[in-house]
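> Let the sequences and hints guide you as you build the complete structure.
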Amino acid sequence: MASIEEASFIYSIDEYETFIALSKISSVQHDLRKLVEVAKVKKAQATTKANDAKKADAEESGKHGEKHEPKKVESNIFYSTMTLFSYEDTPSAMKIYLTVKGAKELDDKDFNLSCTSTSFVFTGKNIQNEHFKFSKTGLFASIVPASCSFKRKTDMILLTLKKVKNEKWTDVLPVEKKSLSTPKVDEDGNEIKPEDSIMSLMKEMYNTGDPQIKKAIAEAFTKGKLDRSE
Numbered sequence: 013m014a015s016i017e018e019a020s021f022i023y024s025i026d027e028y029e030t031f032i033a034l035s036k037i038s039s040v041q042h043d044l045r046k047l048v049e050v051a052k053v054k055k056a057q058a059t060t061k062a063n064d065a066k067k068a069d070a071e072e073s074g075k076h077g078e079k080h081e082p083k084k085v086e087s088n089i090f091y092s093t094m095t096l097f098s099y100e101d102t103p104s105a106m107k108i109y110l111t112v113k114g115a116k117e118l119d120d121k122d123f124n125l126s127c128t129s130t131s132f133v134f135t136g137k138n139i140q141n142e143h144f145k146f147s148k149t150g151l152f153a154s155i156v157p158a159s160c161s162f163k164r165k166t167d168m169i170l171l172t173l174k175k176v177k178n179e180k181w182t183d184v185l186p187v188e189k190k191s192l193s194t195p196k197v198d199e200d201g202n203e204i205k206p207e208d209s210i211m212s213l214m215k216e217m218y219n220t221g222d223p224q225i226k227k228a229i230a231e232a233f234t235k236g237k238l239d240r241s242e
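Everything in the sequence shown is counted per this note's numbering, starting at 13 for the first residue and increasing by one.
No false leads were mixed into what you were given.
Restraint ranges, calculated between C-beta atoms of paired labels, are given here:
| no. | residue 1 | residue 2 | range |
| --- | --- | --- | --- |
| 1 | E179 | K67 | 51 to 57 Å |
| 2 | A56 | V156 | 37 to 43 Å |
| 3 | T234 | L170 | 55 to 61 Å |
Dumping the calculated SDA-like pairs for lysine to any residue here, alpha-carbon to alpha-carbon at most 20 Å:
| no. | residue 1 | residue 2 |
| --- | --- | --- |
| 4 | K174 | F162 |
| 5 | K177 | S129 |
| 6 | K61 | N138 |
| 7 | K55 | F144 |
| 8 | K148 | V184 |
| 9 | K55 | T135 |
| 10 | K46 | F90 |
| 11 | K137 | T60 |
| 12 | K54 | F90 |
| 13 | K163 | H143 |
| 14 | K145 | D119 |
| 15 | K145 | D120 |
| 16 | K148 | C160 |
The hints are simulated quantities; they were obtained by calculation from the structure and are not laboratory data.
From the three backbone atoms N, C-alpha and C, an ideal C-beta is built for every residue, glycine too.
This is how it looks when you write it as structure tokens:
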């Protein structure tokens, strides 16, 4: 199992902190807090590296009396992955809504939408002092990259994915058909019903459990019989 340091951060720091607040299990809260701390450290390290690179570039330019834009250090940018979204299917396009606070007051240059016929990546830089990305690969159907766009709204970003064909999408990604489960059978080939499996499990727990477990199972069994007889 990967360590916390090696974990892939699929949620933003704010989303992890929300999960911590909602969770009632102390061990889960502990692990989530570790993830948040590691994410903050990685973000701080990335910011420090980027600032150091800009400073070094500026100093080098000063030595030669040159003035030019500092080099971008894209590889050191830490992007949190946005996962929450809503969508609206229309005949000609799939519309995706992302919650981004203060989006309308920002600038288009703070965002970027890159598309292929079956995927897209939307990124935001320095949004509330964070960088984020939202992406989907293997879309429900093909789109027209050149006709896809984004629009800033009040606390929201609207992504418009232009469809190649005017057809209904039931989701952003195709939903895989679930295979029918094969019924369980016993040694004689007879189908095992769910209630039989539960009874077998209860019997096994009773036979192997300690006195406290046996007492709890016996009380539950007795109560069930009384309820059915009423």
